[in-house]
Amino acid sequence: MSKQIAIIGAGFSGAVIAHQLAKAGYQVEVFESRSHVAGNCHSQRDAETNVMVHVYGPHIFHTDNERVWQFINGFAEFKPFTNRVKAITNNRVYTLPINLLTINQFFGKTFRPAEAQQFLASLGDKSIENPVTFEDQALRFVGRELYEAFFKTYTVKQWGMQPSELPASILKRLPVRFNYDDNYFSHKYQGMPANGYTEIVEKMLAGDGITVHLNTAFDPAMKGDYAHVFYSGPIDKWFGHQEGRLPYRTLDFEVLREQGDYQGNAVINYCDNSQRYTRITEHKHFSPWEQHDGTVCYFEYSRQCEPDDTPYYPIRMARDKQQLEKYLNIAQNETNVTFVGRLGTYRYLDMDVTIDEALKTADKFLECASNKTAMPAFVVNPLG
Numbered sequence: 001m002s003k004q005i006a007i008i009g010a011g012f013s014g015a016v017i018a019h020q021l022a023k024a025g026y027q028v029e030v031f032e033s034r035s036h037v038a039g040n041c042h043s044q045r046d047a048e049t050n051v052m053v054h055v056y057g058p059h060i061f062h063t064d065n066e067r068v069w070q071f072i073n074g075f076a077e078f079k080p081f082t083n084r085v086k087a088i089t090n091n092r093v094y095t096l097p098i099n100l101l102t103i104n105q106f107f108g109k110t111f112r113p114a115e116a117q118q119f120l121a122s123l124g125d126k127s128i129e130n131p132v133t134f135e136d137q138a139l140r141f142v143g144r145e146l147y148e149a150f151f152k153t154y155t156v157k158q159w160g161m162q163p164s165e166l167p168a169s170i171l172k173r174l175p176v177r178f179n180y181d182d183n184y185f186s187h188k189y190q191g192m193p194a195n196g197y198t199e200i201v202e203k204m205l206a207g208d209g210i211t212v213h214l215n216t217a218f219d220p221a222m223k224g225d226y227a228h229v230f231y232s233g234p235i236d237k238w239f240g241h242q243e244g245r246l247p248y249r250t251l252d253f254e255v256l257r258e259q260g261d262y263q264g265n266a267v268i269n270y271c272d273n274s275q276r277y278t279r280i281t282e283h284k285h286f287s288p289w290e291q292h293d294g295t296v297c298y299f300e301y302s303r304q305c306e307p308d309d310t311p312y313y314p315i316r317m318a319r320d321k322q323q324l325e326k327y328l329n330i331a332q333n334e335t336n337v338t339f340v341g342r343l344g345t346y347r348y349l350d351m352d353v354t355i356d357e358a359l360k361t362a363d364k365f366l367e368c369a370s371n372k373t374a375m376p377a378f379v380v381n382p383l384g
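So in the UniProt record's numbering the end of the sequence shown lands on 384, straight run, no missing numbers.
Hints were generated in silico from the structure; no laboratory data involved.
Calculated pairs, DSS-like style, for lysine-lysine (alpha carbon to alpha carbon, straight line, at most 25 Å):
id	residue 1	residue 2
1	126	172
2	326	223
3	188	79
4	109	126
5	360	372
6	360	203
7	223	364
8	3	203
9	23	223
10	3	223
11	109	86
12	203	79
13	188	172
14	86	188
15	321	172
16	203	23
17	152	126
18	188	360
Go ahead and model the full structure; you've got the sequences and the hints to work with.
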């Protein structure tokens, strides 16, 4: 087998695969259509304030995966960081995810854990035995008042559709706690790279055998020049949108620079219709070990992704499944191409899952090369 590999996209998926294959002796060319590496995880110092800014919105690293944690720590010093999200609704500030403090504040109570659990159970709609939609899930487990205060309007702003149209699985990712733990995540390892994410990806791509082409698109017609192609762009784009465009959401950011501390916290969600934006992120609070006189805030707006926009995450509605299945069937007939990452497999993936799947993809490719068997189009089933 030729040792010339093409990787499309210099985000975590592409960078991890490139690094692993270059270590194994392959010559890797990485094609990135943007002017920088690290994809939507790209971070850089703000020229005015020197704050480390998450250019495409905040990314907080969290995982229980030992291999992923050890791997990524080989490229950066990670500082402790706990994401403590606040939420504003009806002109009051609360803690998210919903915990004992949120429940007691919202209802004006002083419940102990067992009392709060019993109280919340009494609010749930018992007639919903098997929640199918986001709304079903919320009404069944937190009741109408908490649902409408924290989830209903925020979800419409975030997804551009009613919670009754979204799958229950989206809400299942958000915990309800009956103690005062306000850590948004519950993973064993949580942190923030001291010098941002872009430095990590640059180090991954700095090894011998890797050539990076920035501001360079890759035409699928070029795949014959390489032994194998790993593609992390939108799967429908690879096939020229022949089955139509899959729906994605994109984000717009309104940037504010001020002196001092703007909101006193890294992330504050706006859960009602008092503001059009979904949240404000104040980036210097993502690096609490640094001191800055100035501050940079992002006011975040979500909307439907248009053809010229940057796709952030797939919508994955039930009605999209048939369209996605058509693309997956076409992809299975592609030779020497593997689809990876959030866009390539049309799935919502956190950073640690993206890295884990990229490591497994590299493992699989090396195994196939050793056994002289065909590399599959997908290492993880996108519908699984």
